[in-house]
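Enquirer: Following our numbering from start to finish, the sequence shown increments by one per residue and tops out at 897.
Be a bit skeptical, because a hint or two may be false.
No more than 25 Å apart at the CA atoms, straight line, and that leaves these computed lysine-lysine pairs for BS3-like [unchecked claim]:
#1 Lys457 x Lys478
#2 Lys67 x Lys99
#3 Lys38 x Lys806
#4 Lys17 x Lys99
#5 Lys683 x Lys654
#6 Lys218 x Lys105
#7 Lys722 x Lys573
#8 Lys17 x Lys60
#9 Lys335 x Lys367
#10 Lys70 x Lys105
#11 Lys454 x Lys218
#12 Lys367 x Lys382
#13 Lys38 x Lys832
#14 Lys225 x Lys510
#15 Lys70 x Lys60
#16 Lys722 x Lys692
#17 Lys516 x Lys765
#18 Lys573 x Lys516
#19 Lys496 x Lys478
Worth flagging that the hints you see were computed from the coordinates, not collected in a lab.
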Amino acid sequence: MNVVVVESPAKAKTINKYLGSDYKVLASFGHVRDLPAKDGSVRPDEDFAMSWEVDAASSKRLSEIAKALKESDSLILATDPDREGEAISWHVLDVLRQKKVLGSKPVKRVVFNAITKNAVLEAMANPREIDVPLVDAYLARRALDYLVGFTLSPVLWRKLPGSRSAGRVQSVALRLVCDRETEIERFIREEYWNIAALLQTPRSDNFTARLTVVDGKKLGKLDIKNEEQATGIRTMLEGASFNVMSVDAKPTKRNPGPPFTTSTLQQAASGQLGFSASRTMQVAQRLYEGIELGGETTGLITYMRTDGVQMAPEAISAARKAIGNTFGDNYVPEKPRYYSTRAKNAQEAHEAVRPTDFSRHPKEVRKYLDEDQARLYELIWKRAIASQMQPADIERTTVDIEAKNGSRSATLRANGSVVRFNGFLAAYTDHREEEDEDEDGARLPQINAGETLKREKIDATQHSTEPPPRYSEASLIKRMEELGIGRPSTYAATLKTLSDREYVTMDKRKLIPQAKGRLVTAFLESFFERYVEYDFTASLEEKLDLISDGKLAWKDVLRDFWQDFSGNVDSTKELRVTNVLDALNEQLSALAFPDRGDGMDPRICPTCGEGNLSLKLGKYGAFVGCSNYPECKFTRQLGTEGEGDAAGASDEPKVLGQDPVTGEDITARTGRFGPYIQRGEGKEAKRSSLPKGWSLGELDLEKALQLINLPRDVGPHPESGKMITASLGRYGPYIAHDGAFANVDSIEDVFEIGINRAVTVLAEKAAKGGRTRATPAALATLGDHPDGGSITVRDGRYGPYVNWGKVNATLPKGKDPATVTMEEALELITAKAGSAKKTTKKAAPKKAAAPKKTAAAKKTAKADDADAEAKPVKKAAAKKPAAKKTTTKAKKADAAE
1 MNVVVVESPA KAKTINKYLG SDYKVLASFG HVRDLPAKDG SVRPDEDFAM
51 SWEVDAASSK RLSEIAKALK ESDSLILATD PDREGEAISW HVLDVLRQKK
101 VLGSKPVKRV VFNAITKNAV LEAMANPREI DVPLVDAYLA RRALDYLVGF
151 TLSPVLWRKL PGSRSAGRVQ SVALRLVCDR ETEIERFIRE EYWNIAALLQ
201 TPRSDNFTAR LTVVDGKKLG KLDIKNEEQA TGIRTMLEGA SFNVMSVDAK
251 PTKRNPGPPF TTSTLQQAAS GQLGFSASRT MQVAQRLYEG IELGGETTGL
301 ITYMRTDGVQ MAPEAISAAR KAIGNTFGDN YVPEKPRYYS TRAKNAQEAH
351 EAVRPTDFSR HPKEVRKYLD EDQARLYELI WKRAIASQMQ PADIERTTVD
401 IEAKNGSRSA TLRANGSVVR FNGFLAAYTD HREEEDEDED GARLPQINAG
451 ETLKREKIDA TQHSTEPPPR YSEASLIKRM EELGIGRPST YAATLKTLSD
501 REYVTMDKRK LIPQAKGRLV TAFLESFFER YVEYDFTASL EEKLDLISDG
551 KLAWKDVLRD FWQDFSGNVD STKELRVTNV LDALNEQLSA LAFPDRGDGM
601 DPRICPTCGE GNLSLKLGKY GAFVGCSNYP ECKFTRQLGT EGEGDAAGAS
651 DEPKVLGQDP VTGEDITART GRFGPYIQRG EGKEAKRSSL PKGWSLGELD
701 LEKALQLINL PRDVGPHPES GKMITASLGR YGPYIAHDGA FANVDSIEDV
751 FEIGINRAVT VLAEKAAKGG RTRATPAALA TLGDHPDGGS ITVRDGRYGP
801 YVNWGKVNAT LPKGKDPATV TMEEALELIT AKAGSAKKTT KKAAPKKAAA
851 PKKTAAAKKT AKADDADAEA KPVKKAAAKK PAAKKTTTKA KKADAAE
């Protein structure tokens, strides 16, 4: 028997069927080891030695592989055909060698680009060794990301309270989004006018021509600057005669684009299907791993993480055959089309994303797929088959028209095109995927040179220049690819990280940087500029590519990087908060101090008229405040123009009406932490943040009353008799019953869910084993503890609690776990850890001195930020707990990319 290791159980099941009883295919479930999320996992002083950790789930799977290997003849590593896949194989092999279960058994590495029987069997017949340069490139990338994350993030925590981790690639992607926002803020609109004529041929056909020349002067886009100019030109044209000067028709060929790479697939799926990058990869992964077709599971597309645009010769032959069968022989070019990639990283330059079998038409396989799978497969099939089709023959026509009115003259131009042979466009039923968005798409009537045209109407339309658009996920991926930042396998994860950390939000598919994201970017640009430069990040990627090609030693790259980077970090030790604020005030002036439009200095306090506005750092992050504090208590949420009090409430609340029970005013306000509603006044006033998707402008009294009166009683549970409630928490809408909580899909469910549905949702949650597991799943991750390690909220056997390492602190009775804040969690953890320290001190006095180092570090950090206007979150004065063996991948990714 032979043991075969792949990543996923879906692949394992399919491949086992292909190979038969002589093989046992087991899944590693992705990476089996990673760097522990704590200091010292990469040690530059020990020539970049790396410590690896196997979590509990991976340990179990590795034991299963080791057990199977004892009874086998060989080990075959069949993980994905890219850098990460090579690394997984290396990790598995290294662990098995440490377990001493390999002995003299042969080890083979096989790769296949598609999960089909032919592809798998061919790979098995052509094994190779593990590609050491690819593994070295992985090690270098992982070490770089770790060193940046675990070296730079503590600097952020100390100098920029409220910020989270900084990753090597994420920080540069965030800078792109923030730089675009700065461009938009600084953009000055300019007015301009366009003039067009609706003309009629002698055959009574109408068409539109645009003004290009006036009195011998060629017009630029902004040359007609105001209505007065436009009106004068329009009046002249209304009295002019129009004659056709020339008609120029030129045949041209339009060639298809190459098949999809990872990034172009993500861009196309975003624009045409509305998929996010992560959704595209999820659906593509399912199509790659296999769909059951007529009783047999087979992969429908090739591997979807690639920079390559070429297809295998047999795939090209299959595509040409399918083109002839589907569209006709006249759509098959005389010679196959070959594409080359501009990607420099050879390790990813395998085949493009294509169907594994071109004869599987999208209409035929649709019945086996869900809606998203069917749409994505169709997109991939069309693009791949079009890439091997004939070009489209298009005739582009340009008509120049002379307008004369006495001594004045002008020239107008009309453009159009006619498709003489659709060629590859036949693959697209409506051509939308491939049409140009220009003026050449209009079809012109028959127009002959020398003939006179009749004027129907002259239009003068006002326009203004527009700022550059915000990035969408698709356009950001495209820009990152152009700059050489990141790689196909990293794009979706990078975007998700920025969203999870609330550095950016998505609005109408556009990425909008949030205040905390702009703060982090401004800080890095001010004090770590080199490491968020596009060229520097791209050059690092090129070095990683050279490592994967075996042309550069990976530790040499790390040494060069660390020498400069560590020195840069050391230089910030003497950096004081006042230095940080001065830099941020300069970098974020447009955001923090927007022009009021009254000619006054935007940095003069609008309340006292004497103090200067400046950024301040509080435990929740940055805000704008007056220099005359505490005499003047003006504060403003960063990025808004309204004033707020110390709690972040607006001084100009909007009264929506009165509560019919209490008679108190229900008001809508905007505070430092976003929009909210409030009932009554003073410290006892009840407040509620607006749920996602709601805006103050659309809020009425009815909605506000529904929100302010949460939690809502749904009804007694039919078994326990205890009340089921519905409410909105920090992490979204949910229902609760007897200490158990379950999320619901939307805020509308909170107001509308009935008893039957609520009981079902709670039962489904209970069936997942949330409270019966030894280690309960996290209800929410609040962020990183100042001493390192993730703080989570969990639901345990004895009720909800917060967890940090080995410290578990029970929530106060009646406390909703969905409303726990980072600050509350830190207080609970500090109190619990302090209690544990006292107990430990009594039982083992010799160990009582262990927490002193952390306490001293706390004192140092406090002194370092003594000049801050508002103090950051206090660190827990407890002994730093040991990192858990079950550290999750999400936690690791939050600390370093």
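Enquirer: Next, verify each hint and record whether it holds.
Expert: Hints and how they fare:
1. Lys457 x Lys478: Judged against 25 Å, a Cα distance of about 42 Å means the pair is violated.
2. Lys67 x Lys99: 10 Å, holds
3. Lys38 x Lys806: 14 Å, holds
4. Lys17 x Lys99: 29 Å, violated
5. Lys683 x Lys654: 19 Å, holds
6. Lys218 x Lys105: 79 Å, violated
7. Lys722 x Lys573: 56 Å, violated
8. Lys17 x Lys60: Distance of about 24 Å is within 25 Å: holds.
9. Lys335 x Lys367: 34 Å, violated
10. Lys70 x Lys105: 10 Å, holds
11. Lys454 x Lys218: 24 Å, holds
12. Lys367 x Lys382: Within the cut-off at roughly 18 Å; holds.
13. Lys38 x Lys832: 21 Å, holds
14. Lys225 x Lys510: 31 Å, violated
15. Lys70 x Lys60: Distance of about 16 Å is within 25 Å: holds.
16. Lys722 x Lys692: Violated: lysine 722 and lysine 692 sit about 29 Å apart, past 25 Å.
17. Lys516 x Lys765: The given pair, whose Cα atoms are some 34 Å apart, is violated under the 25 Å limit.
18. Lys573 x Lys516: Holds, at about 22 Å.
19. Lys496 x Lys478: This hinted pair holds, its Cα atoms lying about 16 Å apart.
The earlier numbered hints that this structure contradicts are 1, 4, 6, 7, 9, 14, 16 and 17.
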